[in-house]
Amino acid sequence: MRSIVRDALVVGVATGAYGVSFGAIASAAGFGVAQACVLSLVMFTGASQFALVAVPDNPGAGAWTALLLGTRNALYGLRIAPLLHARGTTRLAAAHVVIDESTAMAVARDEPADARVAFWATGVSIYVLWNVATFAGALAGDHLSDPEVFGLDAAAPAAFLALLVPRLHGREAWVLAAAAALVALAATPVVPSGVPVLLAAAVAAAAGVRGSR
Amino acid sequence: MWTSVLLASAGCYALKLLGLSVPPRVLDDRRVRHVGSLLPIAMLSAFIATQTFGDGTDLAFDARVAGVAMAAVCVWRRLPFLVVIVAACAATALVRLAA
Chain A
1 MRSIVRDALV
11 VGVATGAYGV
21 SFGAIASAAG
31 FGVAQACVLS
41 LVMFTGASQF
51 ALVAVPDNPG
61 AGAWTALLLG
71 TRNALYGLRI
81 APLLHARGTT
91 RLAAAHVVID
101 ESTAMAVARD
111 EPADARVAFW
121 ATGVSIYVLW
131 NVATFAGALA
141 GDHLSDPEVF
151 GLDAAAPAAF
161 LALLVPRLHG
171 REAWVLAAAA
181 ALVALAATPV
191 VPSGVPVLLA
201 AAVAAAAGVR
211 GSR
Chain B
214 MWTSVLLASA
224 GCYALKLLGL
234 SVPPRVLDDR
244 RVRHVGSLLP
254 IAMLSAFIAT
264 QTFGDGTDLA
274 FDARVAGVAM
284 AAVCVWRRLP
294 FLVVIVAACA
304 ATALVRLAA
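Sequence order for the protein chains is A and B.
Mapping of the first sequence onto the numbering used here: position 195 corresponds to residue 195, and the numbering continues sequentially without gaps.
Mapping of the second sequence onto the numbering used here: position 36 corresponds to residue 249, and the numbering continues sequentially without gaps.
Bound-form chain A, shown alone (with noise of 0.2 Å):
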């Protein structure tokens, strides 16, 4: 019990850690201090938070495609859900923390009982600290005058690289991960931006419906 809430803590830490990378790209985008802090507070789901800020001149497409990656949370929660029970409240507080990290946490557990505590502690310490790091972060990224010159625009393909490598096992995941990337690259001076995701995802789309028949 005392270290599945150790191991809670610790993935809350390093995860927070990015919290502070997460406010600093999105101030350095264009976006407020305000609008970041909302972000981590009301969408909290990292991947999609980062998505939307990538492509602060369309907004919309922004966020279709926070939308999109959020997807996996509803297959989270199909996973989770008959080991945690939750009812009413609890299960609206629950929803709020269904995301990678409380998941994996909670699914490498044998006992429903051990699993309910991993998923709430490895959720809250993730939510205490990813607002607290991406208050911090969007506070000095506001602050500095031109983030170009510190490589900050280096920072969020760095962060989705560090996202999509763990997600890369067999054949199927290169080739996909490829195919995207190529026609992102091909669309990109064809149309507006935001939309060359929007047709990656289209691929990956096409790909599992043919993939799984």
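Where hints are given, some of them may not hold.
On the chain A side, residues computed to face chain B include the following (Cβ under 7 Å) [said to hold, decoys possible]:
| id | residue |
| --- | --- |
| 1 | Met43 |
| 2 | Leu78 |
| 3 | Ala81 |
| 4 | Val165 |
| 5 | Leu185 |
| 6 | Ala204 |
| 7 | Gly208 |
Derived from the structure by calculation, the hints contain no laboratory data.
Glycine residues also receive a C-beta, built at the ideal position from the N, C-alpha and C atoms.
Given chain A, work out where chain B should sit, using these hints.
Chain B alone, transformed into the frame defined by chain A:
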């Protein structure tokens, strides 16, 4: 900007709640799960490509490439997330300074 921030935030929360609330069999289709696991791979990869080589609606090859290459080395060496980010920024800033 606020509109997309608020709508996308509300939508992302609704998706989380949906997963906890629907009877499993509704979404627990093999195809749905398969597409669900492929979407993040394609989208993250597309993001990396466009944020590394995209410049508005143009393509460019600049100091960011050095940063992302540095990030790739750090991820391959399994260094912590924050180290990956800081190293990528530093490499980009240095190449830019040298150019």
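Verification of the supplied hints:
no. : hint   : in the structure
1   : Met43  : holds (4 Å)
2   : Leu78  : holds (5 Å)
3   : Ala81  : holds (5 Å)
4   : Val165 : holds (5 Å)
5   : Leu185 : holds (5 Å)
6   : Ala204 : holds (3 Å)
7   : Gly208 : holds (3 Å)
Violated hints for the displayed structure: none, as all numbered hints are satisfied.
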